Every structure is written in structure tokens, then in C-alpha cells.
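Protein chains: 4
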Amino acid sequence: MRFFSDNAAPVHPAVMAALAAADRVDTAFDGDAWSKRLDAAFAELFETQVRVLWVPTGTAANCLALAAMCPPYGGVICHAHAHIQTDEGGAPGFYTAGATLMLVDGEGAKVSPDAVTALVGGLRKDVHQVQPHALSITQATEYGRVYTPAEVGALGEVARAHGLGFHMDGARFANAVAYLGCAPADVTWRAGVDALSFGAVKNGGMNAEALVFFRTDLADATLYRRKRAGLLLSKGRYLAAQLLAMLEDDLWLANARAANAGAALLATAAGDRLLHPVEANEIFLRLTADEAARLRAQGFDFYDWGAGQARLVVSWQQTQADIRPLADAILAL
Amino acid sequence: MRFFSDNAAPVHPAVMAALAAADRVDTAFDGDAWSKRLDAAFAELFETQVRVLWVPTGTAANCLALAAMCPPYGGVICHAHAHIQTDEGGAPGFYTAGATLMLVDGEGAKVSPDAVTALVGGLRKDVHQVQPHALSITQATEYGRVYTPAEVGALGEVARAHGLGFHMDGARFANAVAYLGCAPADVTWRAGVDALSFGAVKNGGMNAEALVFFRTDLADATLYRRKRAGLLLSKGRYLAAQLLAMLEDDLWLANARAANAGAALLATAAGDRLLHPVEANEIFLRLTADEAARLRAQGFDFYDWGAGQARLVVSWQQTQADIRPLADAILAL
Amino acid sequence: MRFFSDNAAPVHPAVMAALAAADRVDTAFDGDAWSKRLDAAFAELFETQVRVLWVPTGTAANCLALAAMCPPYGGVICHAHAHIQTDEGGAPGFYTAGATLMLVDGEGAKVSPDAVTALVGGLRKDVHQVQPHALSITQATEYGRVYTPAEVGALGEVARAHGLGFHMDGARFANAVAYLGCAPADVTWRAGVDALSFGAVKNGGMNAEALVFFRTDLADATLYRRKRAGLLLSKGRYLAAQLLAMLEDDLWLANARAANAGAALLATAAGDRLLHPVEANEIFLRLTADEAARLRAQGFDFYDWGAGQARLVVSWQQTQADIRPLADAILAL
Amino acid sequence: MRFFSDNAAPVHPAVMAALAAADRVDTAFDGDAWSKRLDAAFAELFETQVRVLWVPTGTAANCLALAAMCPPYGGVICHAHAHIQTDEGGAPGFYTAGATLMLVDGEGAKVSPDAVTALVGGLRKDVHQVQPHALSITQATEYGRVYTPAEVGALGEVARAHGLGFHMDGARFANAVAYLGCAPADVTWRAGVDALSFGAVKNGGMNAEALVFFRTDLADATLYRRKRAGLLLSKGRYLAAQLLAMLEDDLWLANARAANAGAALLATAAGDRLLHPVEANEIFLRLTADEAARLRAQGFDFYDWGAGQARLVVSWQQTQADIRPLADAILAL
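Residue numbers (this note's numbering), protein chains in the order written: chain A, 2 to 334; chain B, 2 to 334; chain C, 2 to 334; chain D, 2 to 334.
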């Protein structure tokens, strides 16, 4: 059984059904009935007016958001382990026409207000130094940690104080909200977030993510940027339909809860092997090469994560019954 | 009935079936079994070694090809009515980091060797003028015209003589090959084409196009560019599966033949109203505002194309029975 | 004697003297006393508040202005023979991160309000087409033609109506003002111009041009862009001093008047050979290959300008006595 | 007396004389006699064939070199305190169209082969991570440290092993060579350097730096990039003449030796206040706020460099007699 990535999972049956239901003649690009329902559907979820664009990848959502907030000559503050820094092949530089990622450290890939304040305070305010224009955080983080509404709010304050746009990479936003049990609004716009990459693909989607603008004035130019990036799919209804299916009856939360529950099961088994508290659907644990080999010999696949460490990711599709054998195997090490 | 765009059509049932068949756990990005079969499948179709990348849009395919051939300080020669010039929102400028489209005229949106030669000949070879590095043509053209193998070959000669990369935007490549009845190789690499955007979405696909490199050395850097552009979808198997389904039993040709046949029916009805010979699945015809209104009153939808002109596009899905009423209505004007 | 280009001329003695006077210890970059005087000096000249940045080339001035007005996904309307289109090596694409030059025709390289209106009117207002964000004209034009204040004002109206920034490439602004005899303000901000590339190098300078913002809000970001482009020279006082010297006692106008007068002398000699009315310091005339050879045999150097045509440029330094032999030789053909 | 920056110094009289000598009619841009002599003059200095381009700033030289070596999707390894990272306003991102600076640490702003090896070794070789294409070091470093030929050679080996281009930012190359007493070739191409930004402005020039390509194949495209960046000055002879004057009778070395000697005098006075060994013309020393105030009260100006630290820079123009008062004042603290 694979614990490589939630991207390895298949598409949720409700999403497949939605694709079938959308499989009819309609207007091209985003002129179709499904695309036109997105703003209202997300407005209901977030309890405020929003502008929503579908895109096919999280990288695209993240980078369109950054480009909307940061000019080419500016910088975006993020964690040194942020996905936009380590795993998007330089896409932020492409979308922003060369802006700079300005890196801060912090436990569990979490950005702290103090780290942002220190970075900004250490800059000369002159043209020789790149000045920050945006702050980007990942919820849940690259190490599966979750920001509370208060933590996001504190970052929102810092962002506002320094005139920074505030972006949240929510590739696993669903897992974070499932963990927090809060309203989606509490951990986004009410806490100062301007734009959210709302992940769907890791959570049961096929190839649609939502870029949600709480600062709705950023959307118009982004429509042009999306087209210019080759991201305006001809048959947009097949993306919009996926997103609407994810929101229907809170499928997005149900899927995330399932994945989180599976991860919690593994976390319990891992005990003090854990490198980070498990708050979403990722587990990082100490595992010797020998131990890793023994697990793999039993049919469990996962990534090594540096020497003596491993990462396990649980998907929406894996049931407690699927996962228990791995939990038992870890306990038996 | 809609004759706006072949993008309005639904997805072919065989493609939907292929998506269902691919809906299982596999490796993320392009590490899955379907993605790995693409090179071989297209190599068989084109009778030569190729490197193939799936992308979600034709704009992405076109612009990744151009970026592979043209440095930021260079130019790409294309027709003034080329899709990359008129309908991609400036995407070539984005992907090439600011290269220039160098426009030539020509009937039916066709580029002629003489026009290329004249443009190149009119340039000073100094750093003050942008120098061309690539040539891009559209097959079938934006006015539904088809280049013969000999015509493409003549352009290939000119491209080679001036050291230009040669790209073919084949959003409707299938329609062109269906019209020509030639081997796909004859009108591409055997005629000097280095890279082809092989269209699938307009021809029954959902959201996958193929970027085919005949100059296989261009592919490696393009893999990086694709990721950097946010175009490396997490669950790539759902794109690769669409493309493989299109090739299976030559579905791509069958669909294109159906669309071309429908267009031919309308062309016959249009008679001397035609603005361009109908060689693919698009019909451009003279139509007064009053005539257009009469057709629309009968339930036929289509785009005006400037004053007194209209464009009709037939999709793979529209049968002769679907189309005959419009043909009759045109005859009755 | 050379009539190739006003760039071939040496530096005016007053400018050389200013460089010598500035040759002392002062603050680096633009923190020096000379740089700090620029805003006030140009404000006096233009009778309004301005922000002025020195740059070493006209291309830099032009492209920084365009980047201040046009986002990467936008377009800049200009004449098909505009210097930014034909002779800046694609610099606008570099500085704007890939914006598009949208070309109009017009006699003598002049842009007309109707041409702008027609171009804008012919665009669909959707994301598939690049939308214009700025208008750029050249004063005097690439064919030595001069826009009157009324003509500039009419373009300013059109620009405002369509929400376009309005840039004037004034590489030969001095020659135009010398011809018009108007206040510099009349043909710039009073006529709607937002930014002016105020040329000095062709007019007796060494390597300093002034980018003058009448819309002063555009200057702040441009300071960052100038640094980021490698254009913030370490010893800026040597540029600022040149510009101040040009303004001192209206040296810029005196130099331009001298060059214009020389050109007028040649224009009279050329008579009906002239291809364009001579309003500045450039002469375009019909000249057979044989005639050109005869002039060159007498020691006169100039550029061919297409078949059977030639361009002569008179510099600030060439006296009537220097020029009369060429005038006589032309008359004698 | 100012110890802010060597950029504050005036222009060396020999350079001013060279400007006067070049002040005559000649061909525009880089077609003049002075520009044409550059390759040969630098070839003699470096004992090998080179291609040399004048540019007006060190930032321009650095970034053109990086753009010649690194594609938009690649990375450039440099020190976290490298000038290209900290003080060029994001220019590398502009010139490379968005490439990433990949930072390493190291004492005195020196890059070590081990640091490069560790960075490269820590990367996954996949498209999700930016891959390095070039290495850039500064000679002398931002803290006034000098790489020996052996140290550069070791870096050159590492660069070659990983297929990296190798750039040297030589804003203070003269000071480094003056310190080392080696042949310029020993610390550049013989040690694997592909391109050198040869600084002149800090060392007595006005506004000309030389970009020297030892890998001469990189020059052709750079000519286009230089023009496209607005860096091709119209009257290039005034830049070329400065560079030729610097090479004449090794003025560049004489000036650097003078500055280094002044710095050595201050270093001796500073004693164990020194934060870094003084090998070029910069001194970094511990200085309390009170001590700094006392020095300033005596008329000595310099930059604070973080809390309790200060930077002093000695220029070519400051004599031992100029400097001794400061040395005495430091001793007297």
C-alpha cells in the first residue's frame, strides 16, 4: 500500500460523477454554467464575497496569487521550506517576472510574526535591497502543522503593518480546517488572508484547484494572467464541476477528516518516533534504514525524508482498515 | 444547435471511459504508467522517435514549444492572424520572457516561404533589431485552410536556411490530416517541423493536449519549463489517458473526419458565400446582419466575424443529421 | 563629413565643463548634489511639478516609462516605425516582462487619434486578446516630423478616454520644441503626456538622458526598476551634471536650433527629392545609387534608407559652413 | 573626510584626460575606434583571447554574465552576502527572467567548494527543484577578503564537475590582484572562471565597467542582451576610453595598490577591533556607538554596519596623509 503522496490517490466517485454530469455542450473557457456558480458557492462557504478562479495545479494557484500581490522588483516572505520555495521549480520567479522569495526559518515550517518582523527590520529601505510586498504561508504546513486562527491573525496583523499582501497556500487547507474545527472564514479572511489556494486535487479531485480572492480587486488582472499563462482551459466546466462537487455536502471536509483520522492512527503507533506533531494527514518519523526496509518488505511504500527519517501521507481514500496493518507494523519494529 | 466552437462539444465517450480506467492509485505527476507510454504511442503514429509532454491547453503547448526555440531577445515569425498573436492573451511573451512575434500576412492565414524570406531579408543583422529564431504556423490555419506536405516542406527549407526552429500549432492538426489523407509524418518532421502542438481537446478530449518534439533535444529543458509554469498536473495519468485514448484505433482521425464532413455539408450549402475554401471544420461565410438574425431565430448559434461575416465550427459530435437543418436554412436564405 | 547620426557628434564643451566641475567627492548613486537638483530644474523648465530620473540611454528611459504604465499582460500602442519597435532590440518586452507593442500605421511615423481609436475598437474586450494600457509616440518622429500641441492634445484625449498611459519618446524633443517655438509644457503635460524621455545625448550630451514623469506617482516604483535594471550608476553626479548643463541658459534649445537650421539648409537644396517635410534635424530624400556614390566620393557619409533613398542627420555641432558644401553637392546632382 | 564608499571618489585625472581625447566625431554605439580596441587590450592583460563588453554599472556586468550562463528555470549559487543577492535590487532575477539565487554561507563572504558541493548534493535532480547552472563569487568579497588562485581553482573544479558556469564579480578585482601580486590570468580563466565583471568605477573610472568573457562563445548573445537592456550607450567611445585608460600603464593596479595601502594603515590602527582580515580596501571593525560618534565628531564619515560595527572604505584617491588622521583617531579611542 502506498503512502507516498495524496496525489497518488484516485478521484473521489462523487467527483467522477460530477464530470459525467458536466459532459454536455456548453460555452467554452469559463463561460459555462458551472464556472459561473463558483463565486457564489465559495462565498457561501467563506461567508463573504469572493472571486474564484479554477486552475489545474496548486503551483498555478499559488503563483497567480503572488503575481497579483508582488511586482517584479519586490519580494515575497515565506518559510525556507515552503512549497513555493522548494518544490515548484522556480514558478514564483516565472509568474512574478523575477520577484524574490525572502526566506525565514521556523519550527515545523511555520512562519512566526517575529520572524517576519525581524526580516523586515533588517532591511534597508532603499532601492538596492528588494523590499517585501507579500507574505505567503502554507496551511497545513509542509510538515503537517496547522496554524490556529489566532496564529494566522497575528501574521495578518504583521502583514498589514508592513503593507504586505497575505497569501495562504492551502494545498491541504481541508486537512487544516478538519483539524481545527473552525469556520473556514476564521482562519482566512477574518485573520487577514487576501488570497487562498484552496486545494482539491490531493483531497479527491482530478485536476482542479480553486484560487480564492478575499481581496476581490485582485481578481480582474488575474483573469488576464491566467489566460496568459496557458491556464485557461478550453472546457472549463470540467474543472468547475470538480470544485462544486467538493463543496457539495462538505465532501472536502469529509475527505480531509478521513485522511486525518488515518494519519492519527499512524501517529499513535509512531509514538516518540514522531518528528512533528501530527495535525493533518502527514506523518514525519524517525526510521532507520533497516526499519524502513522491513516496512517496505511488508508492502508499505513511502518516501525517505533525509537520513533516518521518513514521510508517510494518508489519502482521503485510505480507510482505517487499510492503515491498521501499517500501524501494527510500525508498533512491531 | 451551437456552431460557436469545437470547444463547446462534450468529451468523447471513449475518452471518458479511459478516464474511468485510469482512476486508480498510481505515481503522481508524470511518473505513472499512462504518461510513460506516451512517447512510444506517438512514435508509432509519427514513425520516428519523439518526446511527448502532456499539457492542459493548446496555448501551453504552443508557448512551451516557442520558449524551447527562441531566446528572450529573439523573435518568432508567424501570421498576423495566428492564434498565438491574436488569441492567447500575450502568452508567447510570457513563456519566452519577452520575445517578439514578427508578423507576416498571407491569404487564409497561411504563411508563405516568400513572406518569411522577405521579412528576414528586410532586417538589419545588428543588435538593434530583433532577430528571428523560430517560425510558427497553424495547421489547419485560423481560417480553416490546410498546408500540404509540399507547402510545409517549403517552409521547412526556409526555416532551415535561416536557422529558425519550426513549430506547428496543430490545434486542428487532426482535421488537417483528415483532409490531406497523408501520413502524419509527411506534414510534420519529414517537412522540417521540429515541434508540434497536437490538439486533442477540440477533437473530443477533456483537458489534455500533446506537445510533440521531433527535435528530441528540446524536451529536457521543456520538462523544467512545464513544471515552472504550473503545468505539471499532480495526477498526470488523467491527461495521458486521454491522449492514449485519442490515438487508440485512430479515434483522433475518425473524430476529425466527422467534423470535416459536417463542415463540407455546410460549405456546399454556403456556395459562393464562402470567404475561404473549406478544408477543415470551420466555415467562414458572408452573412448580412439580417440573415444572421434569421438563422439565429431558427436556433442556430454562431459567432459574427466582423461586419457581414460569420464563423461556423463543426465539432466531432455533430452528425450529418444535426447539421443538415442548418445547411438547409443557409440554402433558404 | 559625417551625416550618419547625431550620436556621432562629440560632447558639447559646456557639458564637458560640467563634468569637470562635478569631478569631486560626493555621495554615490543619486544621493549627490547634482542629482538632487534635477527635479527642480526640470520643474522650472516644464512649469509644473515633475519627478526626474537620469538614465544612460534613451532606450532605458523609454522602457522604464512603458514599464511604469503597462503590466506584463498588457499592450503599448505605437507606430510600426517607432524606435521602440524597430531599433531597441526588443527592450520594451524586457522591461515590461513581455508586454506587446500594438502597431498602427500613419504617414511620417506619426500616430493619429483615428488610428488609435480604430485599433482599440477592433479589439474584443476579453482575456484572449492583449488589451492596451499605454500609448507611446515619438517627438520628433522617426522621420523627422513634429506633432503640434494640438495634435498631441488630441492623442492625449484618446489616451484618457481609453485609460491609456501616454508616453513621449523625446530623443529629439529639443528639435521638436525648437521647431514649434512653444513652451515645453504645451506639447507635453498640458497635452496629456504622462512621461517624457527627454533626450540629451544626441543633442550634445555624453551619456545622460532624463526620464521626466509628469504623473509623479509613477516615479517611486521606477526608482526600484532603474536599480534592478543595472541603470543606477555609481557616480550619478556625472550624469546629473550633464543634464543640468543642457538646461543651463537653454543650451538644449540652442543646440537643437543649430541642428534644425543645418537640416533646413539641406532641405532647401533637396527640394522635391524630399520624402518627408523637414521639421527637425533629419532629412529623408530620394537618391539613386549613382547619386549616393557621387556624394560619398566627395566625402559625405550617410545611411542608405532602403532602395533609392537616403537619410541625413545634422548634429548640434555642424555649422552652416560645414553643411553648405553638401547642400551645394546635392543641388549639383 | 569620507570613508563611505569608493564610489564617492572622483574620477582619476588620466581617465578625465582620456574622455577629452575621445571627444570627437566617431561611429555611434560600439562601432568606434576605442570600443574596437577593447578585446585586444584585455587579451593582452589576461594573456588569452577574450571578448569584452563595456557596460555602465557593475550590476549590469554581473547580471549579463549570469544571464549568459543560467536559463530562466535555473539557479545561480552564490554567497548569502553576495552583492548580487543583497545589493542589486533583484537585478539577477530581471536579467535571467526569474532564475533563483541559491545561497551558501561561509566566513568573510567567501564561498567554499564544500559549501557548493553540499548544496548540490542536497538537491533532488527533478523538475520540482531548481537546478544550479552557475556559480558566482566576488573577488575581493563583500567583506574585503581575497580568494587565492588555488581557492578559485578549487571552486572552478567544483563548477566544472557539476556543469556550472563560473562568474566572478570583480567590482574590486583590482584590489584583489594588487593584494595577491599574481597574474590576472592566474585568478581567473586559469582557475576556471568563465566571465569576469572587471570593475573600474570604484577604482577611478567614471561610468564604465568591463564584462570580460573568457568563454568567448558567451559574448554573441550578450551583445543582444546588452542592447535589449538599454545598456548600449549611443556614444560608447566615452566608456571604452575610460577602460583603456585604466589599463594604460597599469593604472588599475596602481590605484588599487594605493587604496589597499590606505586600508592597511587603518587595519594596523584598528588592531583587534577588526572583524575580518584586511586584504583589500575595506575595513570592518568593532566600534561602539559612542566611539563612532567620537570619530564622526572629528570629521570622519563612514557607515555603521549593524550594531557595534562599522565599515570604512578607502579609495584610490586617498593618500596616506589623508588617512593617517583617522588611523590616529582610531588608536586614540
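Calculated directly from the structure, the hints in this document are not laboratory data.
Predicted model, so just to flag it, every value in this text is computed and none were measured.
C-beta atoms are modelled at their ideal positions from N, C-alpha and C, and glycine is treated no differently.
There's no promise every hint is true.
[To be verified] Now the in silico label distances, taken between C-beta atoms and shown as ranges: (1) A/A34 <-> B/G182: 35 to 45 angstroms; (2) D/C183 <-> C/R325: 57 to 67 angstroms; (3) A/D127 <-> D/A222: 50 to 60 angstroms; (4) B/A18 <-> A/A298: 29 to 39 angstroms; (5) A/A34 <-> B/D250: 31 to 41 angstroms; (6) D/A222 <-> A/R325: 51 to 61 angstroms; (7) C/P278 <-> B/L124: 22 to 32 angstroms; (8) D/D127 <-> A/V26: 16 to 26 angstroms.
If you check the beta carbons of D/C183 and C/R325, does the distance land in 57 to 67 angstroms? With a Cβ separation near 59 angstroms, D/C183 and C/R325 satisfy 57 to 67 angstroms, so the hint holds.
Margin query: Tell me if the beta carbons of D/A222 and A/R325 are separated by a distance inside 51 to 61 angstroms.
Written below: The hinted range 51 to 61 angstroms holds for D/A222 and A/R325, with Cβ atoms some 60 angstroms apart.
Practice problem: Could you check the hint for me, namely that C/P278 and B/L124 are 22 to 32 angstroms apart, CB to CB? | Solution: holds (28 angstroms)
Worksheet item: That 35 to 45 angstroms hint for A/A34 and B/G182 (C-beta), does it hold up?
Response: holds (39 angstroms)
**Study point:** Verdict for B/A18, A/A298 (Cβ pair) under range 29 to 39 angstroms
**Key:** holds (37 angstroms)
Checklist entry - Between A/A34 and B/D250, does the beta-carbon spacing fit 31 to 41 angstroms? => result Check passed, 33 angstroms falls within 31 to 41 angstroms.
Check: For the pair D/D127 and A/V26, does the Cβ-Cβ distance stay inside 16 to 26 angstroms?
Finding: violated (40 angstroms)
*Does the Cβ pair A/D127, D/A222 satisfy 50 to 60 angstroms?*
Given a distance of about 32 angstroms, which is not inside 50 to 60 angstroms, the answer is violated.
Comparing the model with each numbered hint stated earlier shows that hints 3 and 8 do not hold.
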